[in-house]
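We have chain A already, so just place chain B on it with the hints.
The primary structure of each chain is shown beneath.
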Amino acid sequence: MSEPAIPIGVPQRTNPVSVLAQGASAVRNALFPMIAIFFGSGSRGYSVMLALGIGVLVIAVGTLRSYIRWRRLTYTVGQEDIRVESGVLSRAARSVPYDRIQDVSLEQALIPRLFGLVEVRFETGAGGKDELKLAFLRESEGEALRELVRAQKDGAGIAVPEASGAGEASGDGVATLEAASEVLFAMPPKRLVTFGLFEFSLAVFAVLAGLAQYADTFAGIELWDPDLWMEWLAGPGDWIAHLGPMAQVISAIAGLVTLFVVGSVTGLVRTVLRDWGFVLERTAKGFRRRRGLLTRTDVVMPAHRVQALEIGTRMIRRRFGWHGLKFVSLAQDAGGASHDVAPFAKLGELAPIVTAAGFAMPPDDLDWQRSSKSYRNAGMWIDAIIPSLLGLVLLGIALLTDSDTLGGRWWVALIPFAIGMFLALRQFFLWRYARNAIDDRQLYRRSGWLAPSTAIANRVKLQSVEIAQGPLARLRGYATLHLGLAGGSFVIAGLPLDRAQQLRAAILDSISATDFSELT
Amino acid sequence: MEELTSLDPRYVTVVRIRTALATLPILIAAFVLEGADILPFGVVIAPVILLAAFIIFRIPLRRYSARGYSMGEDRLRVVRGLLFRSDTVVPFGRVQHIDVDQGPLERAFGLSTLTVHTAGTHNASVHLPGLASDDAVAMREEIRAHIKRETL
Numbered sequence: 175m176s177e178p179a180i181p182i183g184v185p186q187r188t189n190p191v192s193v194l195a196q197g198a199s200a201v202r203n204a205l206f207p208m209i210a211i212f213f214g215s216g217s218r219g220y221s222v223m224l225a226l227g228i229g230v231l232v233i234a235v236g237t238l239r240s241y242i243r244w245r246r247l248t249y250t251v252g253q254e255d256i257r258v259e260s261g262v263l264s265r266a267a268r269s270v271p272y273d274r275i276q277d278v279s280l281e282q283a284l285i286p287r288l289f290g291l292v293e294v295r296f297e298t299g300a301g302g303k304d305e306l307k308l309a310f311l312r313e314s315e316g317e318a319l320r321e322l323v324r325a326q327k328d329g330a331g332i333a334v335p336e337a338s339g340a341g342e343a344s345g346d347g348v349a350t351l352e353a354a355s356e357v358l359f360a361m362p363p364k365r366l367v368t369f370g371l372f373e374f375s376l377a378v379f380a381v382l383a384g385l386a387q388y389a390d391t392f393a394g395i396e397l398w399d400p401d402l403w404m405e406w407l408a409g410p411g412d413w414i415a416h417l418g419p420m421a422q423v424i425s426a427i428a429g430l431v432t433l434f435v436v437g438s439v440t441g442l443v444r445t446v447l448r449d450w451g452f453v454l455e456r457t458a459k460g461f462r463r464r465r466g467l468l469t470r471t472d473v474v475m476p477a478h479r480v481q482a483l484e485i486g487t488r489m490i491r492r493r494f495g496w497h498g499l500k501f502v503s504l505a506q507d508a509g510g511a512s513h514d515v516a517p518f519a520k521l522g523e524l525a526p527i528v529t530a531a532g533f534a535m536p537p538d539d540l541d542w543q544r545s546s547k548s549y550r551n552a553g554m555w556i557d558a559i560i561p562s563l564l565g566l567v568l569l570g571i572a573l574l575t576d577s578d579t580l581g582g583r584w585w586v587a588l589i590p591f592a593i594g595m596f597l598a599l600r601q602f603f604l605w606r607y608a609r610n611a612i613d614d615r616q617l618y619r620r621s622g623w624l625a626p627s628t629a630i631a632n633r634v635k636l637q638s639v640e641i642a643q644g645p646l647a648r649l650r651g652y653a654t655l656h657l658g659l660a661g662g663s664f665v666i667a668g669l670p671l672d673r674a675q676q677l678r679a680a681i682l683d684s685i686s687a688t689d690f691s692e693l694t
Numbered sequence: 042m043e044e045l046t047s048l049d050p051r052y053v054t055v056v057r058i059r060t061a062l063a064t065l066p067i068l069i070a071a072f073v074l075e076g077a078d079i080l081p082f083g084v085v086i087a088p089v090i091l092l093a094a095f096i097i098f099r100i101p102l103r104r105y106s107a108r109g110y111s112m113g114e115d116r117l118r119v120v121r122g123l124l125f126r127s128d129t130v131v132p133f134g135r136v137q138h139i140d141v142d143q144g145p146l147e148r149a150f151g152l153s154t155l156t157v158h159t160a161g162t163h164n165a166s167v168h169l170p171g172l173a174s175d176d177a178v179a180m181r182e183e184i185r186a187h188i189k190r191e192t193l
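Heads up: the sequence lines are chains A and B, in that order. Going by the working numbering, the first sequence opens with residue 175, and the numbers climb by one from there. Going by the working numbering, the second sequence opens with residue 42, and the numbers climb by one from there.
The following block holds chain A by itself, in its conformation from the complex (with noise of 0.2 Å):
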């Protein structure tokens, strides 16, 4: 394989093999106009010929657009900067210069990737579509792409040490990664199923249930509507209703199984999809992340881009040891503000990553911190009254009417008691388990009641420091301490004062003692 050298400052167009690529994924689009065709039409014989001509049509459309906007989009490579020239009649120019980029991120969805095709991104932190994407180029020309600009980023002078560190990389003067990296963390096929029985999910009823609307709409099909289920209970469903409540409770329960069993499966092939082959690796430059089935992502993270960490867990998950490890910064990850470096790990197996970023794992002898008391008790009686007063109302009503609107279940006014009763405990609890606390470096965050998580800051890192307090809160003495932190958000709520201001006061300290030039 001989890795193409990119030309510096001459215009170049993506593959030429993107436009079929695009073309293919035009097949998608092109699915549901002929299903409606097809049907619509009343599934006569000539429909599948429309439907069909449909399809075609739809098709070529994609792909003329595809390859215009191939001819249109073309993409230079300069000395300090990346421009991106695009647009049919109106025409854009993008220039993204090679300081602003936070990472170049690789990614490989299905159709490409059976072309052997690759989409190029660059995170600059703009977030969404603002972030310049390139699609699509050959594996090797992402690569090389990638290289070239993190050489550029950090000037030729440090990048011609790491090619001859590397040792045995490829000899066209791109340094390639993976000779010098370390393997952080990765997931065998045990460990992903392991993790994906605890993804337990029940989207796949969210998916029926649109499919369900969807039939609605269409075939006229009327799912929701009563009449439907009645005649059918009557009809070929009438010997349900004569099992017995024995059989009734069986059914029950065996409908109970089906879901727990959809659920567990929906979850299972959920996580497989995303997360097969999760490889997190240490490199001379950050922290590389591989992982996918069909669309395989490669992200690149350098490590002093890292703001913060969040290591956090679930309700069940936790009883068995499991965590997650996610970075905060300010480049994004696919549908999340953080990025997931180690989805499903022993806290064991998180500290080396946790080091490798340049943070450390919550020493023992920590001077934790509760939150004030004061805070406790007013969330306790604010989430407790709220409920009551509904609770109150309704009482009400079933006292002074002659409980017809309630139907003499005047118990039933009870329940919003209930619920502002489980809500001042949970409160109670949640203050219980959030912690506060610093040391000479950090900043830590406890907080959640069943599923606990942890966020690790670092002092130096942040951005700015707010105080604030509404009515309740000065009148009782406590404060919320809101910290900049580039890419996420880091809140203590209701410390005591004066534990706000010496946090604010430590904080600011440490921030004032660096400068922002010297974090990128």
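If the Cβ cut is set under 10 Å, some of the chain A residues that face chain B in the computed set are:
| hint | residue |
| --- | --- |
| 1 | 643 |
| 2 | 644 |
| 3 | 663 |
By construction, these hints were calculated from the structure, which means they are not laboratory data. Every residue gets a Cβ at the ideal spot worked out from N, C-alpha and C, and that includes glycine.
Structure of chain B alone, referenced to chain A:
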């Protein structure tokens, strides 16, 4: 903590004019309702005018006294809020860029708003309105000089 500096007193007038403009539609509606002669005289107009007077004259004054700032050696502190107090500190070393803005009303009174932008998601931009224009520019220069010194 160091003493807070008050904003320019002209800021009160600016806020009053702004609030008056905002309450104008409600006042007009009240007058129209009064003119329609449905209710006895003064039932609508009297409380509306009293409330408007309170909002236009009293609240801006209280807001003004609740606001304040202080320029430290290496940090800017901005305090604001009547019911919901907030006390924000932005170290100069974390300022990304600085804006000095003037709306038409502010320009008429010779005031400016200083905005410092940070890289944080929370408090991405911290506004400090009601500064005399000269002060705002001087503060901007001071913060900028500080950033430059640290970077070089």
